[in-house]
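Visitor: Listed here are the chains, written in short residue letters.
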Amino acid sequence: MQTRRETLKHSAVVAGLLASAGFPQFAHAAFNKAAFDAKTVQDATKAVGASSMAESKDVTITGPDIAENGAVVPLGASTSLPGVKQLLILVEKNPSTLVAMFYVSDAVEANFATRAKMGQSSDVYAVAIMNDGKALWAKKEVKVTLGGCGG
Amino acid sequence: MADPMRIRAQAAGDKATVRVLMSHEMESGQRKDAAGKTVPAWFIQEVTASLNGKPVLAAEWGPAVSKNPFLQFAVKGAKAGDKIAVTWKDNKGDTRTDEATVS
Amino acid sequence: MKKASILSMASALVLSVAPAMAQKTASQGIDEYRAMLADGNPSELFEAKGEDLWKKVRGPKNASLEKCDLGQGPGVLKGVFTTLPRYFADTQRMQDLESRLVTCMENLQGFSANEISNTPYGRGEMANVTALATWVASESKGLKFNLSQAHQQEKTFYEVGKRLFFQRGGPHDFSCASCHGEEGKRIRLQDLPVLTQNPGDGLGFAAWPAYRVSNGQMWSMQLRLNDCYRQQRFPYPGFASEATIALATYLGVNAKGAVSIAPAIKR
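First to last, the protein sequences are chains A, B and C.
For the first sequence, our numbering assigns the number 1 to the initial residue and increments by one for each residue that follows.
For the second sequence, our numbering assigns the number 1 to the initial residue and increments by one for each residue that follows.
For the third sequence, our numbering assigns the number 1 to the initial residue and increments by one for each residue that follows.
Errors might be hidden in some of the hints.
To be verified - The list that follows gives simulated cross-link-like pairs (lysine to aspartate or glutamate, DMTMM-like), each with its CA atoms no further than 25 Å apart: (1) A:K39 with B:D14; (2) B:K89 with C:E32; (3) B:K83 with A:D65; (4) C:K185 with A:D37; (5) C:K24 with A:D65; (6) C:K67 with C:E44; (7) C:K56 with C:D69; (8) B:K32 with A:E109; (9) C:K67 with C:D39; (10) B:K83 with C:E106; (11) A:K93 with C:E32; (12) A:K139 with C:E106; (13) A:K93 with A:D37; (14) B:K15 with A:E109; (15) A:K93 with A:D58; (16) C:K266 with B:E46.
What the hints assert, rightly or not - Far from chain C, by Cβ distances over 12 Å, these chain B residues were calculated: (17) H24; (18) S66; (19) N68; (20) P69; (21) K79; (22) T95.
I should point out that these hints are in silico values taken from the structure, not numbers from a laboratory.
Beta carbons are placed, not taken as given, at the ideal position from N, Cα and C, and that holds for glycine.
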């Protein structure tokens, strides 16, 4: 579990990488292994440096109600709110819950879609990490008829 | 050298919607082969995109993204004729960049 | 008394309508899921590969496939997919798309047809045949199937295909008709099209080659037939064997007028 000091240290490292990477408007840090190893939505969100979590009607998670096969499930995360740093897509019941993390810059819409493997029916989350550190989320249930992790 | 991506970028109004199909196994590291041994994780970890050479997108992916990944995003201010370049890098260090013109 | 009965009738009506509106059937949910995947079909990756292979100079004879005759003249790609299998005068036999591609790979490029036929699906030159077939199919997307029955061989292969379709065997005593011979059959959530007649646009024969999301593989018609036999616990048919071409002829002729959606995306 990350202590507050470790989280702050990580943020400092991120900030340092920010400056050197040449992307002034958004952080493009090295691969965040802790976030991708996290087993719960809360742990993944904490590992990204969020300070609090709250459900929000202004964040949208899109996906099918039922997927014929868990190997390919189309999922999208979007928000209309300004001041978003990152948008995350998570599958609660996956072995590692974080699927993808998108950095939001002024040049792109806060609206991303990809396809994920789901091991079983599960809630899927879109989490918007705001500039002030708050995490705002939305979720929906996706039923899976055949799991997509074991081949 | 990995197989090329398919990138389609379509301008509509003040933005361009970009759809990408990447050719990659995206091995989760959860699967076992016929002998019972775990197939090691092999997946795209980082995706970046640029508009006329200027970075516009950065993303980190985990092994849960599907095989032959699909990605859709919208670039503000892009118009027909602009160049979109997409780059991926996987956990083995392999990388691939492909370019498309916004139509 | 009257007021109470009107109220109870009204509430009964509300109760009977509400569940129908609120519940989405599993079938509708699956249709939505499939529609979400239709844009961004990974078979496009194989189309691109196939197009590249068609134009690339390869093989011991250092030639491309651009002069390959798939039935309408050397190099003609548009509209050929929906006419196969058919009789070819130069080889004097019935051929489907994949066997014809192998013929061209042998005659034009110097590859060994025998070697290719014995290569497992998804590997080596067999994977290239699949990619090429995906590319050729894409050039006829949206066109209607129109197989010829003019030549005697075409008629014979149709009849042989029909008999093979109904032939029962294997440890489960299955035939193709066991799954595809009656309305209303399904395997888990997959509705099985009836293939003794025209199943309609984009169904059955009109949907292969297809990208299968469940295993992330591109499947050609030959592999689809091969796997049907595997599911029936029959021995595997030889690649492009007369049996497979006869079956394809039966299915293709039955699909006359159906719109091809190949290369498609499947579970």
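Visitor: Checked against the structure, which of the hints given earlier come out wrong?
Guide: The structure conflicts with hints 1, 2, 3, 4, 8, 9, 10, 12, 16, 17, 18, 19, 20, although it agrees with all the remaining ones.
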